[in-house]
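Two chains, two separate frames, one set of hints: put the complex together.
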Amino acid sequence: MMMTLRALAFCAVALTAPLAAADEPRGTGALGIVIERTAGSVLIVDTVNRAVTGRVTGLGDLSHASAVFSPDGRYAYVFGRDGGLTKVDLLAGAIAKRTIQAGNAIGGAISDDGTLVAVSNYEPGGVRVFDAATLAPLADIAAIGANGKTSKTVGLVDLPGRRFAYALYDADEIWIADFSGGDAPKITKLTGIGRLPYDGNVTPDGRHYLVGLFGEDGVVHVDLWKQPLQARRILDNYGRGEERLPVYKMPHFEGWASAGDVMLIPAVGRHELIAVDRRSFREVGRIATSGQPIFAVARPDGRHAWVNFATPHNNMIDVVDTTTLSVVHRFAAGPAVLHMEFTPRGHEVWVSVRDANRVQVYDTSSFARKAELEAQHPSGIFFTARAGRIGQ
Amino acid sequence: MLVLNAASYAADGTPDATRLANLVRQDCGACHGLTLRGGLGKPLTVDHLRQWDREQMVHIILEGVPGTPMPGWRPLLTETEARWIADRLKQGTLP
Chain X
167 MMMTLRALAF
177 CAVALTAPLA
187 AADEPRGTGA
197 LGIVIERTAG
207 SVLIVDTVNR
217 AVTGRVTGLG
227 DLSHASAVFS
237 PDGRYAYVFG
247 RDGGLTKVDL
257 LAGAIAKRTI
267 QAGNAIGGAI
277 SDDGTLVAVS
287 NYEPGGVRVF
297 DAATLAPLAD
307 IAAIGANGKT
317 SKTVGLVDLP
327 GRRFAYALYD
337 ADEIWIADFS
347 GGDAPKITKL
357 TGIGRLPYDG
367 NVTPDGRHYL
377 VGLFGEDGVV
387 HVDLWKQPLQ
397 ARRILDNYGR
407 GEERLPVYKM
417 PHFEGWASAG
427 DVMLIPAVGR
437 HELIAVDRRS
447 FREVGRIATS
457 GQPIFAVARP
467 DGRHAWVNFA
477 TPHNNMIDVV
487 DTTTLSVVHR
497 FAAGPAVLHM
507 EFTPRGHEVW
517 VSVRDANRVQ
527 VYDTSSFARK
537 AELEAQHPSG
547 IFFTARAGRI
557 GQ
Chain G
10 MLVLNAASYA
20 ADGTPDATRL
30 ANLVRQDCGA
40 CHGLTLRGGL
50 GKPLTVDHLR
60 QWDREQMVHI
70 ILEGVPGTPM
80 PGWRPLLTET
90 EARWIADRLK
100 QGTLP
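One line per chain: the protein sequences are X and G, in this order.
So for the first sequence, the working numbering puts the first residue at 167; every next one is plus one.
So for the second sequence, the working numbering puts the first residue at 10; every next one is plus one.
For reference, chain G alone in the conformation it holds in the complex (with noise of 0.2 angstroms):
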């Protein structure tokens, strides 16, 4: 079972990559589609992203987007996980 609202990592400190791939494909997907090739929520494809830089997009998964139904992952995710996710994002290489 997931437990979102307590941040999981492995021994060495570093994000859940099980954990954080499941959360981005099942619940982001939610909106952005399973493949993250959007939804009612924009696409997270390489391409679609390169509008923003990686810090740009650690706020607006962290603090959402307002007047848009993108919300604020902080009650649930770290900004180490945040960051983590971005990468992913980004590079196009979520596990």
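Okay, chain X solo, but in the shape it has when bound (with noise of 0.2 angstroms):
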């Protein structure tokens, strides 16, 4: 009889699939979100069984999406282009809180303690902080740079110590907000960087902050455990003097690949990675690929890179190994792959495949299709995971 009644209320959730069985407690560790850009939509999936487990629906403008989590993996900080902050709660797979902080937004990151939420704008520019629980304003940093002009923010990241790092696009600088101290930040400025840095990430560690910029062939690298802060020019005039080829889509420094003793790095209108020592950051080698790198991804254990593009060729991936700095397997995924994120300790990955409507997740090692979710225009993939993380 026990028996009997445990299956018949196992058959009842897999029917209903609802997020958390109210008499039944559960941990998120396996949970995530999959951004549904053009419905304004996130589905929460289960990356264990490979299934979606709910929609929410009412978060505005997701073009360009992105995701942080609380440090005990129940809510996802779901930042929309339109300037929509959404706090999703993975368990009642709802919204716990929204507010609209900007006009127009590019991305986020919560500080390591989970208290502070900052959001990226480009419209009105700067960076804004709320409260992690509660979403009320807590800080609006202006970005206004030694050239007077006010600027979009870039490749914000949270760094140890209650501190946030972002550039400023239109004034070629790096800033270093530091909440250590209260709600009030210490803002440390580095300027003069090289024009037009379009994305930033910091390593898994937390020391070493790379900028990339689109107005000269190099990336910025500031070392974070040295003081005074200084912004060093690293890979500079990569291209060596070729005509760079038409960039259709931004390259992405989020999820970059810092592999084994590797950094992949894009370059900006070409069809190659460059490799970069990780203590030297020194270029060792470059991987010719499929296309222009959107996203180099790199599989929790390091060993492989998985690598998306940018149209026309935004239908591949190209999986490196970094040891070789060689594509060891290329494949078609389908129209428009926007996007890849690992299972916590990357048995598999699930690839955003817009066009196709769907979400497919592959093995990481045998390359094989192991399920597909149907997804309204899929881009971003979040998953818990990334609550324990440094940079994410």
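Certain hints may be false.
Some chain X residues close to chain G (C-beta under 8 angstroms, calculated; not the full set) [what the hints assert, rightly or not]:
1) SER229
2) ASN313
3) LYS315
4) PRO412
5) VAL413
6) LYS415
7) PHE447
8) ARG448
In short, the hints are calculated from the structure, not lab data.
Positions of the beta carbon are idealized from the N, C-alpha and C atoms, including for glycine.
Structure (structure tokens):
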């Protein structure tokens, strides 16, 4: 009888797929979200069962949306293009809080202690910081550079010590906002770093902040363990005077491959990745790819990186071996591959294929396709394992 | 799947509206916003585009804007297609 009841209960769960059976406590380690960019919704997904467990609607314009997680992995903070900041409860499958914090936003970050959510804005520019519990505004940091221009901000990440780093697209600067003393930040500004910084990221240890330049062939490096902070150019003139190809989509530093002894950085306007030594920050090789790389995402163990591309090669995925710096697998995954997210320990990877209205799940050892999930124009995929990682 | 390097036309020779509208929203939208109200790139709204005439817009679409991230789309679009896009954006009638 006991067994029968349990079996029945299991069937009910499977059929209605509630996010949390009211009587059954559960963790969130296997959960994540998939952005449905045109519908303004997110799917809540379960990576163990490779299943969609719910859809949360009403999040506004989610083109270029991204998300971070509360330290307990229960809440996703979703940053919409229209300035919407939405706190989604993964267990309840519902919006917990929502605010429209600006006119046009590009992404965000959560502080290491989980108390501050920062959002990077295009309109009106700058960075706004909110209470992670209530989404009440705490700080509004205008980004006016030494050139007097109000700037869009890009490459916003959290740093250890209740700090955030970001770059000023229109002012060629990097700013570090330090909230360790309270809700009024102390700002350190690094000026004249190079033209048009377009994105940035921090290494998984929180030590090195790297910013890509669009206006010049180069990358800017800040060693956050060295005082005073300095912006240093690396990969200077990596194009060696060659004409770059037209860039149909800006590369992303989010999820970049910091793997083994190297980092793989997309070369703007080129069909290649640049391999950079993680200690010297010197170029150690190039990898010819199927197109202009958008994301180069390291599998959690660092052995492989999965790479997707700008249109017109955005149907392709290249898998790069980070020890030999060669492409070991290359395949057409489908029309408009936008994002890739690994399961926490990397045995599988979820791939959003926008124009097929599908998320495809692959085994990362055999490259076999394990599952397909329906999703409306899926873009970003974010799993709760990010909650425990610096810079994510 | 989008085959972007091959111009696609309906039987009567007019540009493929579905394909081009999708390209504008999704690919131009990567910088200009899915709703075309701007992002890293400028807004593509009727108001904002009033400062350029049709031929200037066709030129910007095909050749790009040097010194900015705006690329030239000539490898992927014909002049007829660029004109179609410029007209729809200027009129605010993108399907």
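Worksheet item: Should the hint that PRO412(X) touches chain G count as held when the rule is a Cβ pair under 8 angstroms?
Response: Since chain G brings a Cβ to about 3 angstroms from PRO412(X), closer than 8 angstroms, the hint holds.
Discussion item. Next item in the hint list is SER229(X). Is there a CB on chain G closer than 8 angstroms to its CB?
Written reply: Cβ of SER229(X) sits 3 angstroms from chain G, so the hint holds.
Worksheet item: Hey, does the VAL413(X) contact hint survive, CB to chain G under 8 angstroms?
Response: With a minimum Cβ separation of about 5 angstroms from chain G (threshold 8 angstroms), the hint on VAL413(X) holds.
Item to complete: Under 8 angstroms, Cβ to Cβ, is where LYS415(X) needs to be relative to chain G, so tell me if that hint holds or is violated.
Response: Hint holds; LYS415(X) Cβ to chain G Cβ min 5 angstroms, cut 8 angstroms.
Item to complete: Could you check if ASN313(X) really has its C-beta closer than 8 angstroms to a C-beta on chain G?
Response: violated (16 angstroms)
Discussion item. Tell me if the interface restraint on PHE447(X) is satisfied: Cβ within less than 8 angstroms of some Cβ in chain G.
Written reply: violated (25 angstroms)
Fill in: Hint status (Cβ of ARG448(X) to nearest Cβ of chain G, threshold 8 angstroms)
Cβ of ARG448(X) sits 27 angstroms from chain G, so the hint is violated.
Discussion item. Please check whether LYS315(X) passes as an interface residue: C-beta within 8 angstroms of a C-beta belonging to chain G.
Written reply: Check failed: Cβ of LYS315(X) comes no nearer than 15 angstroms to chain G, outside 8 angstroms.
When the structure is compared with the earlier hints, violations turn up for hints 2, 3, 7 and 8 and for no others.
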